[in-house]
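2 protein chains.
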Amino acid sequence: MRIAVDVMGTDYGPKEIVKGAVDAVKAYGCEVVLVGDEEVIKELLVTYHADKNQKITICNASQVITMDEHPAIAVRRKKDASIVVASNLLRKGECDALVSPGSTGAAVTSALFCVGRLPGVDKPCIATTIPSLKGATILLDSGAVVDAKPEHMALNAIMGSVYAEKLFSKKEPSVGLLNIGTEETKGNAQSLALYPLLKELKQINFIGNVEGNDITKGTVDVIVCDAFTGNVALKFGEGLVSTIFTLMKDSIMQGGILAKLGALLIKPALEKMKKHMDVQEYGGALLLGVKAPFMICHGNSKAKSITSAIRMMITLVEQDVVGTISEKIAEVELGNEEIEA
Amino acid sequence: MRIAVDVMGTDYGPKEIVKGAVDAVKAYGCEVVLVGDEEVIKELLVTYHADKNQKITICNASQVITMDEHPAIAVRRKKDASIVVASNLLRKGECDALVSPGSTGAAVTSALFCVGRLPGVDKPCIATTIPSLKGATILLDSGAVVDAKPEHMALNAIMGSVYAEKLFSKKEPSVGLLNIGTEETKGNAQSLALYPLLKELKQINFIGNVEGNDITKGTVDVIVCDAFTGNVALKFGEGLVSTIFTLMKDSIMQGGILAKLGALLIKPALEKMKKHMDVQEYGGALLLGVKAPFMICHGNSKAKSITSAIRMMITLVEQDVVGTISEKIAEVELGNEEIEA
Numbered sequence: 015m016r017i018a019v020d021v022m023g024t025d026y027g028p029k030e031i032v033k034g035a036v037d038a039v040k041a042y043g044c045e046v047v048l049v050g051d052e053e054v055i056k057e058l059l060v061t062y063h064a065d066k067n068q069k070i071t072i073c074n075a076s077q078v079i080t081m082d083e084h085p086a087i088a089v090r091r092k093k094d095a096s097i098v099v100a101s102n103l104l105r106k107g108e109c110d111a112l113v114s115p116g117s118t119g120a121a122v123t124s125a126l127f128c129v130g131r132l133p134g135v136d137k138p139c140i141a142t143t144i145p146s147l148k149g150a151t152i153l154l155d156s157g158a159v160v161d162a163k164p165e166h167m168a169l170n171a172i173m174g175s176v177y178a179e180k181l182f183s184k185k186e187p188s189v190g191l192l193n194i195g196t197e198e199t200k201g202n203a204q205s206l207a208l209y210p211l212l213k214e215l216k217q218i219n220f221i222g223n224v225e226g227n228d229i230t231k232g233t234v235d236v237i238v239c240d241a242f243t244g245n246v247a248l249k250f251g252e253g254l255v256s257t258i259f260t261l262m263k264d265s266i267m268q269g270g271i272l273a274k275l276g277a278l279l280i281k282p283a284l285e286k287m288k289k290h291m292d293v294q295e296y297g298g299a300l301l302l303g304v305k306a307p308f309m310i311c312h313g314n315s316k317a318k319s320i321t322s323a324i325r326m327m328i329t330l331v332e333q334d335v336v337g338t339i340s341e342k343i344a345e346v347e348l349g350n351e352e353i354e355a
Numbered sequence: 015m016r017i018a019v020d021v022m023g024t025d026y027g028p029k030e031i032v033k034g035a036v037d038a039v040k041a042y043g044c045e046v047v048l049v050g051d052e053e054v055i056k057e058l059l060v061t062y063h064a065d066k067n068q069k070i071t072i073c074n075a076s077q078v079i080t081m082d083e084h085p086a087i088a089v090r091r092k093k094d095a096s097i098v099v100a101s102n103l104l105r106k107g108e109c110d111a112l113v114s115p116g117s118t119g120a121a122v123t124s125a126l127f128c129v130g131r132l133p134g135v136d137k138p139c140i141a142t143t144i145p146s147l148k149g150a151t152i153l154l155d156s157g158a159v160v161d162a163k164p165e166h167m168a169l170n171a172i173m174g175s176v177y178a179e180k181l182f183s184k185k186e187p188s189v190g191l192l193n194i195g196t197e198e199t200k201g202n203a204q205s206l207a208l209y210p211l212l213k214e215l216k217q218i219n220f221i222g223n224v225e226g227n228d229i230t231k232g233t234v235d236v237i238v239c240d241a242f243t244g245n246v247a248l249k250f251g252e253g254l255v256s257t258i259f260t261l262m263k264d265s266i267m268q269g270g271i272l273a274k275l276g277a278l279l280i281k282p283a284l285e286k287m288k289k290h291m292d293v294q295e296y297g298g299a300l301l302l303g304v305k306a307p308f309m310i311c312h313g314n315s316k317a318k319s320i321t322s323a324i325r326m327m328i329t330l331v332e333q334d335v336v337g338t339i340s341e342k343i344a345e346v347e348l349g350n351e352e353i354e355a
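Taken in order, these protein sequences are the chains called A and B. Sequential numbering of the first sequence, starting at 15, is according to my numbering. Sequential numbering of the second sequence, starting at 15, is according to my numbering.
Derived from the structure by calculation, the hints contain no laboratory data. On a predicted model such as this, the values are computed, not experimentally measured, just so you know. Among these hints, one or two may not hold up.
Copies of the same chain look alike in the list, so a pair counts if it fits in one copy or across any two.
[As the list claims (entries may be wrong)] DSS-like, lysine-lysine: derived pairs with alpha carbons at most 30 Å apart:
1. 66 - 148
2. 305 - 200
3. 213 - 185
4. 200 - 316
5. 289 - 148
Isolated chain A (complex conformation) (with noise of 0.2 Å):
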C-alpha cells in the first residue's frame, strides 16, 4: 500500500508533515510518496533519520498553491504545484490514496481536475469526524457544496453510511437529517424535500431528522447538512472549545495556588478527557464522491494529524471504500433508471 501526502502549502511547513508522514511509515509499515521541494525534503529525512527508509520515496514538485490563491485558477496554472503532482500520482495509481494538509479549496478542485468523479457523482462532498460522547459522528457535508440541491445530498447520505460503516466497522450505521426539530414537517425548504427522499432509499438506515445537540451526543452515526451549515457548525465548536480552554485556564490562573495546585493533580485526567475529544485523532476530512480515497487535513496539521489521516487511509482502502460507495451509487442509478423507463 502506498500513501501519497502532499507535503507543501500548510501553516508549519513540511516538517510537521514530514515527521508525521515517517512515523506512520515506521508504525504502520506503509509505504509513503512525499510530494514537494526535494531537496527540502531530503534534508528532513536525514533530521528524522529516515533517509534510509525504502519505503519513503520522494516525488519533486517545483511548485506550491498557498491558501489565498485562487483554487480553480491556481489548479490550472501550476501543474506542477504539489497538490497537482499528488492528484496525478492517484490518478495514474501509482499511490492509493492521497493525505493533503494544504488549502482545501485547492484540494477539491485539484481532486475533481486529475482524478475525476465517480459515476453518478455530480458534487463531491466532505465529510468531517467529530469526537461525540459514544466515540465520533461524521458530519457531511462540511464544506463542498452550499445551496446544495437535495438529491445531491441524498447520495451523500449513501455516501456517508459507507463511510461510516467502515470506518467504526459498524453495520447499518445510523443516519440523520440535521434539522431545527425532530418532527418531520419541521425545517427549511431543503430539508423538507430532502426528507422523503431519505426516507425512501433502501441504502442507508435513516433514522429522521436530529438537531444541534445530536452531534456530539452520540446518538447518530452520521448526519447530512448542506455545507453552509456544517461550515458554520463546525467553526462554532472549534471556537467554543478554545473559548472554553482560555476561560477555564484564565480562571486557575486568577484562582491562586491552590487552583493552580488542583489543575495539576487532575491534569492526565484532563489529557485523557482532551485526548479522546482531539479532532487530530481523526486526521483528516474524506472527500466523498471521487474516484480514490482523497483525504484533506486541516491547514494547521501537526504530525500527529497525519499520522492519524495516514492510519485512517489505510482502513478506508484495505476496505475499499471507494468501490463500495461506487456500488451503492450504481444501485441508486439503476433505480432511478428503472423508475424513469
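Got chain A sorted already, so can you dock chain B onto it with the hints?
Positioned in the frame of chain A, the structure of chain B alone reads:
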C-alpha cells in the same frame, strides 16, 4: 414599571418561575404580574413569603399551551391560555414588558396575534445573547424565520444593532454576517444577496463577514444569520458544552483520589468560569420587531434565568429599545420610498 411573567407551560413547573419573579421584585423593586393558575400562584407566593408583597399581582389564566401543541392552532383556540392573556396585557399597556418561558412557537404566535408587529416589519426575529471571551455576542435570527429573505435579514441587522447598543451600553456596535469565509465573494445565495444590502445600511456599523469561530471569540457584537443556521449552531453549542463537562467529570471520576482532590481545588475557579459562560445570566432571547418588549426564555429556565430576564427587561424598557428600533426602521422605510419615487 410592570413586567408580566407567564408562569405556565415550562419544564420545571410554575415554582421556578414564581421564585425567579419574586427574587426580581426584591432585587430590583419592579412590579410583576404573574399570569397563570391563580390558586397555584397564590400557594407559591406563600411558600416564598411574598403573598403580602404589593408589587406582585396575579392575573388568572385557566388554560395552558404545552410544548407539543401546534402554536398557531393553540393560540387561536385557547383564548384563556396564560401566554395569550399575558400578551393581551402587553397589548393593552397594562404592563411594559413580557417574559415567557413556555413554548417558543406559542410565544411568537401570541406576540404576532396579540401584540402585533412594528410598522415596516414583516417578520420578527429572535435575538439570543451568547457568552463570549470578551463578554457576549448577540446572534439573530436564532429561531423565528427559516429561508429568510435578505431584505428581512437586513432589518434584523438594524434591530440587533439597537438591541446591542442598549444592552451593552455601546455606541455603534459592530455587526457581522455569519458566513463560511471572510471574503465578500464567499457564501450561499442568501448571504451573497445580503452582503451588499448590509454594506449600504447607514444605521449599522457593518464589519463584513464573520465565521463560526467568531461567535464566542468576542470579535463582533451582533451576528446576523438565517434562523436555520442560528438554531443549529445554538443547539450544537449547548450540546458541545454539556459533552465537554460530562467527559471531564467522567475522566476525573476515573482518575482516582488525586484527580478528585484536584477537582475540589479548582472548583471555585471553574465556578467563576461557568458563571461567565452561563446562558442563564442573560435570561432569554428577545423577540425583535413586535410593538413591545417580549422576551422568550428557555423551557428549562430556573429561577435565576427569570430573575435575569426581568433585570434585562427593566433595562430595555428604560432604554426604550422598541421605540428606537421603530425610529430606525422608519428611516430605512423612508429611504426605500425615496429610492422608489
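These are the hints, each one checked on the structure:
Proximity of residue 66 and residue 148 under a CA criterion of 30 Å is satisfied in neither setting, with 42 Å inside one chain copy and 52 Å between copies. In this assembly of identical chains, the alpha carbons of residue 305 and residue 200 lie at most 30 Å apart only when taken from different copies (27 Å versus 35 Å within one copy). Taking the closest pair of Cα atoms, residue 213 and residue 185 come within 30 Å of each other only inside a single copy of the chain (18 Å); across copies the shortest separation is 50 Å, beyond that limit. For the homomeric pair residue 200 and residue 316, the shortest alpha-carbon distance between copies (27 Å) is at most 30 Å, but the shortest distance inside one copy (41 Å) is not.
Proximity of residue 289 and residue 148 under a CA criterion of 30 Å is satisfied in both settings, with 14 Å inside one chain copy and 27 Å between copies.
Hint compliance for this structure: hint 1 is the single one not met.
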